[in-house]
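Undergrad: The chain contents come next:
Protein chains: 2
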Amino acid sequence: MDSFNRINKYNILLASASIRRQELLKQLGIKFTIVSPSSEEEIIPENAYREGIAERIAMAKADSFTDLKDNDLLITADTIVWIDDKVLGKPADYADAFQMLKLLSGKEHFVFTGVCLKTSSMIKVFSSETLVKFSELSDEEIRYYIENYKPYDKAGAYGIQEWIGKVAVERIEGSFYNVMGLPVQRLYQELKKMCLEIKN
Amino acid sequence: MDSFNRINKYNILLASASIRRQELLKQLGIKFTIVSPSSEEEIIPENAYREGIAERIAMAKADSFTDLKDNDLLITADTIVWIDDKVLGKPADYADAFQMLKLLSGKEHFVFTGVCLKTSSMIKVFSSETLVKFSELSDEEIRYYIENYKPYDKAGAYGIQEWIGKVAVERIEGSFYNVMGLPVQRLYQELKKMCLEIKN
Numbered sequence: 000m001d002s003f004n005r006i007n008k009y010n011i012l013l014a015s016a017s018i019r020r021q022e023l024l025k026q027l028g029i030k031f032t033i034v035s036p037s038s039e040e041e042i043i044p045e046n047a048y049r050e051g052i053a054e055r056i057a058m059a060k061a062d063s064f065t066d067l068k069d070n071d072l073l074i075t076a077d078t079i080v081w082i083d084d085k086v087l088g089k090p091a092d093y094a095d096a097f098q099m100l101k102l103l104s105g106k107e108h109f110v111f112t113g114v115c116l117k118t119s120s121m122i123k124v125f126s127s128e129t130l131v132k133f134s135e136l137s138d139e140e141i142r143y144y145i146e147n148y149k150p151y152d153k154a155g156a157y158g159i160q161e162w163i164g165k166v167a168v169e170r171i172e173g174s175f176y177n178v179m180g181l182p183v184q185r186l187y188q189e190l191k192k193m194c195l196e197i198k199n
Numbered sequence: 000m001d002s003f004n005r006i007n008k009y010n011i012l013l014a015s016a017s018i019r020r021q022e023l024l025k026q027l028g029i030k031f032t033i034v035s036p037s038s039e040e041e042i043i044p045e046n047a048y049r050e051g052i053a054e055r056i057a058m059a060k061a062d063s064f065t066d067l068k069d070n071d072l073l074i075t076a077d078t079i080v081w082i083d084d085k086v087l088g089k090p091a092d093y094a095d096a097f098q099m100l101k102l103l104s105g106k107e108h109f110v111f112t113g114v115c116l117k118t119s120s121m122i123k124v125f126s127s128e129t130l131v132k133f134s135e136l137s138d139e140e141i142r143y144y145i146e147n148y149k150p151y152d153k154a155g156a157y158g159i160q161e162w163i164g165k166v167a168v169e170r171i172e173g174s175f176y177n178v179m180g181l182p183v184q185r186l187y188q189e190l191k192k193m194c195l196e197i198k199n
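Sequence lines, in order, name chains A and B. Taken in order, the first sequence gives residues 0 to 199; the numbers are from numbering that gives the first Met the number 0. Taken in order, the second sequence gives residues 0 to 199; the numbers are from numbering that gives the first Met the number 0.
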């Protein structure tokens, strides 16, 4: 297909250890190579809020890639949960995960994923916002989820594609795949646009 | 877990040939048996609109099950797409699928899933509504999708969990799994409620 052909003229590099992001990008139908991010540690930037946090972390993840070749296009991303004017990253342990899910229970929160596209000559950053409404979760349901799914690698301690996303997510407003970690529809549009701009 | 134990006191029967519904119900973590619906043919009822159509078809699918045992709980469901004040069911052929996707391209539509819960002594019907916004699709993208994914078993000729859901769905409002064919969060709540009412 024409849009694949155009995008695939780039050597697309995904710098993410997240299996979910790798799967989502694969399902877009474009070819790419997985490269190791310099660091998976996500330091929450100071004086940043909401999507600004996710965008700045995504950019920081791209920072270490300073030797991109002419044809390389690097993708980095970061996902955060935002509730009650504060950010939830990945839980440190069981108690932390429990506390996060207790906080999300019965309430609305936002998920922001920041995405950074970088070539040898330019950088583009964008983000996507999804509102997620959780139903009330019992302590037993929270314990069941943490024990069986161990969501320690997930911002806000949950995966919307897992059991908890099926029993507890009443509604969302925005992109579902953004909550999983990559706003694929927006990314596909941005890639198509970039390839048009450069190749024309 | 307590809620599983209560729900699993019922002998849950899912009357649906849809692999997606079977998978979603399985992922809720409750036990069930798949039974054959009397007919998979979905006749659009007259003088029905929006969720009323999906609810009436779901009820019709439950009609033929007249010999439920005391402990049986039957689940039937139907999903429709609603756009420009008319209903889209499953496409008849390639041309029909193409026309449906051309109609959805660049616009908002609604997805309604009606669910019917039936025991030997009662019937309950409910439905869930999700708004879906498609981005503009080129003819080439529509052809690529139909040829590679053959969406002839899907209302509106698309699966949100497939390639097209990743490149073309800009946003949704409501339940994602409802668009896939089963509003699992609502179903889980309804099952918990029913089991409480009956067992207390």
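Simulated from the structure, these hints should not be mistaken for lab results. As the structure is a computational prediction, the values presented were derived from the model and not from experiment. Take the hints with a grain of salt, since some may be wrong.
Remember, identical chains collapse to one label, so a pair may be satisfied in a single copy or spanning two.
Straight-line distance between alpha carbons at most 25 Å, and here's what the computed BS3-like set of lysine-lysine pairs gives [claimed, not checked]:
no., residue 1, residue 2
1, K8, K89
2, K132, K149
3, K85, K30
4, K149, K85
5, K30, K149
6, K132, K191
7, K8, K30
8, K192, K149
9, K89, K68
10, K123, K191
11, K123, K101
12, K106, K8
Undergrad: Determine which of the earlier numbered hints do not hold for this structure and return their numbers in increasing order.
TA: Structure breaks hints 1, 3, 8, 9, 11 and 12.
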